[in-house]
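Peer 1: Single-letter residue listing:
2 protein chains.
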Amino acid sequence: MSKINIIGRGNVATHLEKAFRGKAMVNAVTPRTLETLDVEADFTLICVSDSAIKEVAEKLPELKGIVAHTSGTTPINVFSGLENISGSYGVFYPMQTFSKDSPLDYSRIPFFIEGTDEATERSLCELAGIISNNVETANSDKRKALHVAAVFSCNFVNHLFALAEGYMSEHSLSFSTMLPLIEETVGKLHNLSPREAQTGPAVRKDRMIIDSHLNALNNYPEMKEIYKTITDSIINTYGNERN
Amino acid sequence: MSKINIIGRGNVATHLEKAFRGKAMVNAVTPRTLETLDVEADFTLICVSDSAIKEVAEKLPELKGIVAHTSGTTPINVFSGLENISGSYGVFYPMQTFSKDSPLDYSRIPFFIEGTDEATERSLCELAGIISNNVETANSDKRKALHVAAVFSCNFVNHLFALAEGYMSEHSLSFSTMLPLIEETVGKLHNLSPREAQTGPAVRKDRMIIDSHLNALNNYPEMKEIYKTITDSIINTYGNERN
Numbered sequence: 001m002s003k004i005n006i007i008g009r010g011n012v013a014t015h016l017e018k019a020f021r022g023k024a025m026v027n028a029v030t031p032r033t034l035e036t037l038d039v040e041a042d043f044t045l046i047c048v049s050d051s052a053i054k055e056v057a058e059k060l061p062e063l064k065g066i067v068a069h070t071s072g073t074t075p076i077n078v079f080s081g082l083e084n085i086s087g088s089y090g091v092f093y094p095m096q097t098f099s100k101d102s103p104l105d106y107s108r109i110p111f112f113i114e115g116t117d118e119a120t121e122r123s124l125c126e127l128a129g130i131i132s133n134n135v136e137t138a139n140s141d142k143r144k145a146l147h148v149a150a151v152f153s154c155n156f157v158n159h160l161f162a163l164a165e166g167y168m169s170e171h172s173l174s175f176s177t178m179l180p181l182i183e184e185t186v187g188k189l190h191n192l193s194p195r196e197a198q199t200g201p202a203v204r205k206d207r208m209i210i211d212s213h214l215n216a217l218n219n220y221p222e223m224k225e226i227y228k229t230i231t232d233s234i235i236n237t238y239g240n241e242r243n
Numbered sequence: 001m002s003k004i005n006i007i008g009r010g011n012v013a014t015h016l017e018k019a020f021r022g023k024a025m026v027n028a029v030t031p032r033t034l035e036t037l038d039v040e041a042d043f044t045l046i047c048v049s050d051s052a053i054k055e056v057a058e059k060l061p062e063l064k065g066i067v068a069h070t071s072g073t074t075p076i077n078v079f080s081g082l083e084n085i086s087g088s089y090g091v092f093y094p095m096q097t098f099s100k101d102s103p104l105d106y107s108r109i110p111f112f113i114e115g116t117d118e119a120t121e122r123s124l125c126e127l128a129g130i131i132s133n134n135v136e137t138a139n140s141d142k143r144k145a146l147h148v149a150a151v152f153s154c155n156f157v158n159h160l161f162a163l164a165e166g167y168m169s170e171h172s173l174s175f176s177t178m179l180p181l182i183e184e185t186v187g188k189l190h191n192l193s194p195r196e197a198q199t200g201p202a203v204r205k206d207r208m209i210i211d212s213h214l215n216a217l218n219n220y221p222e223m224k225e226i227y228k229t230i231t232d233s234i235i236n237t238y239g240n241e242r243n
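For the protein sequence lines, the chains are U and Y, in the order given. Read in order, the letters of the first sequence are residues 1 to 243 in the working numbering. Read in order, the letters of the second sequence are residues 1 to 243 in the working numbering.
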């Protein structure tokens with residue numbers, strides 16, 4: 001069984017600990033208790049916010065195994081030039097939205113791996129393969145593009161749900177009413193590309209509805225701003241192709 | 001079996017025809033062939049774009065049954081004062097995203113019904129009940145609020161997917177890679193409210209990542225604008241509660 005140090009107290013650390021339970025020997029460490037690190041461990045995963053990765057890395061003792069961070073956006077070279085990280089290092093990025101109170105099917109999480117050399121990459125891929133069936137390598141540029149796309153497809157999408165939820169609750173409507181529509185919106189992606197699947201007043205350039213909705217949002221200036229920005233983008237994207 | 005005229009050539013008309021197949025006698029009519037309407041039909045559903053509803057309604061012959069439109073935003077009173085619609089009328093709004101090439105489980109579609117009187121409402125609810133298990137009444141104000149929320153939760157969400165797809169394809173990445181993350185984003189809604197489920201750099205106020213992503217979007221001005229607008233809205237929404 002592999003021995004892994006997992007450094008962090010956030011959602012990624014919590015979920016990786018759970019995912020490896022019974023499949024590897026996990027030593028959970030916080031950035032403040034680095035003295036409890038197992039220096040003989042095969043892997044040390046730094047699961048902290050991007051702005052803290054370098055700081056944590058600088059404080060690491062000399063470790064026998066591979067050091068990796070779990071960030072989508074921070075490049076692999078955050079570790080380069082650190083004298084204490086003399087061995088091989090890499091990136092172990094799980095592209096997923098981790099909430100503490102939501103259970104997850106870890107086997108479906110896509111992992112994107114990068115390493116200083118082929119052997120390191122292979123080792124990190126094997127580690128990810130213990131929990132997931134969906135493991136690929138990706139260099140830092142590709143991984144950052146994935147992270148940007150994930151922010152649009154997940155974080156921003158969820159914020160639109162949150163805005164809809166607030167607006168509905170002010171109109172005595174339950175957000176759960178929206179779930180069949182949301183599930184169909186996502187279900188369609190198995191048959192159609194999002195471009196083909198686009199519906200609604202903006203892609204039809206239905207100015208009457210758009211103006212009526214903007215009017216309904218007069219007391220919701222942030223939603224109105226987002227309504228305008230995304231509607232303009234839809235109109236620009238499709239031009240006259242649906243007329 | 002009920003007899004229904006369905007007026008329209010778009011996605012809503014097409015899907016309602018399919019949904020009622022074998023469950024009602026459907027007479028499909030286009031706005032240009034109104035002379036083929038069955039004046040004895042129990043229902044006439046006007047499934048045309050919002051800006052065309054009134055025009056079509058004005059051209060209808062005297063009909064024996066109930067006339068209804070299928071729009072989320074157009075109020076019921078679009079029919080008021082029309083001399084040819086002397087009987088009862090209403091609204092038959094299926095809150096769903098209809099794409100011609102995507103099959104649908106009609107039984108889950110939420111229908112929102114409004115009628116000039118209780119008997120009309122009951123008849124329209126019964127009609128919706130033939131195909132769906134999810135039928136409610138809603139007045140025009142409530143229905144419009146639902147439609148606005150649906151635009152955010154479905155049309156705008158799908159556009160974020162389309163932008164992500166385009167960006168990924170320019171970075172030699174397949175959009176299908178994003179599906180497990182998207183499915184988890186939606187799956188979480190069964191356990192958490194969208195507000196509780198929010199993750200990502202904006203809710204963490206991770207300026208380093210946000211700036212790095214904005215920089216990555218320099219050649220994508222529309223995506224950059226949307227990135228800024230939604231990130232600002234997330235930061236405003238959560239303030240310091242996740243710090």
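Because the hints were derived from the structure by calculation, they are not lab data. There could be a bad hint or two in this list.
Because identical chains share one entry, a pair is satisfied inside a single copy or across any pair of copies.
[To be verified] Listed next, the in silico SDA-like pairs over lysine to any residue satisfying Cα-Cα at most 25 angstroms (straight line):
1) K100 with T229
2) K59 with E17
3) K224 with S51
4) K224 with S88
5) K142 with R122
6) K205 with E121
7) K59 with K142
8) K142 with G81
9) K205 with T120
10) K59 with N215
Peer 1: Does each hint fit the structure? Answer for all of them.
Peer 2: We went through each hint and held it up to the structure:
1. For a Cα distance limit of 25 angstroms, the shortest separation of K100 from T229 qualifies neither inside one copy, at 32 angstroms, nor across copies, at 27 angstroms.
2. When the C-alpha separation of K59 and E17 is checked against a cutoff of 25 angstroms, the pair qualifies only within one copy, where the shortest distance is 22 angstroms, while the shortest distance between copies is 67 angstroms.
3. In the homo-oligomer, the alpha carbons of K224 and S51 lie at most 25 angstroms apart only across protomers (22 angstroms), although the nearest pairing inside one protomer, at 33 angstroms, exceeds that limit.
4. For the homomeric pair K224 and S88, neither the shortest alpha-carbon distance inside one copy (50 angstroms) nor that between copies (36 angstroms) is at most 25 angstroms.
5. In the homo-oligomer, the alpha carbons of K142 and R122 lie at most 25 angstroms apart inside one protomer (18 angstroms), although the nearest pairing across protomers, at 56 angstroms, exceeds that limit.
6. Proximity of K205 and E121 under a CA criterion of 25 angstroms is satisfied in neither setting, with 49 angstroms inside one chain copy and 31 angstroms between copies.
7. For the identical chains of this complex, K59 and K142 are neighbours neither inside a copy (28 angstroms) nor across copies (57 angstroms), given an alpha-carbon limit of 25 angstroms.
8. With identical chains, the CA atoms of K142 and G81 are at most 25 angstroms apart within one copy only, with a shortest distance of 23 angstroms there and 61 angstroms across copies.
9. For a Cα distance limit of 25 angstroms, the shortest separation of K205 from T120 qualifies neither inside one copy, at 52 angstroms, nor across copies, at 32 angstroms.
10. Proximity of K59 and N215 under a CA criterion of 25 angstroms is satisfied in neither setting, with 55 angstroms inside one chain copy and 29 angstroms between copies.
The structure fails to meet hints 1, 4, 6, 7, 9 and 10 from the earlier list, while all remaining hints are met.
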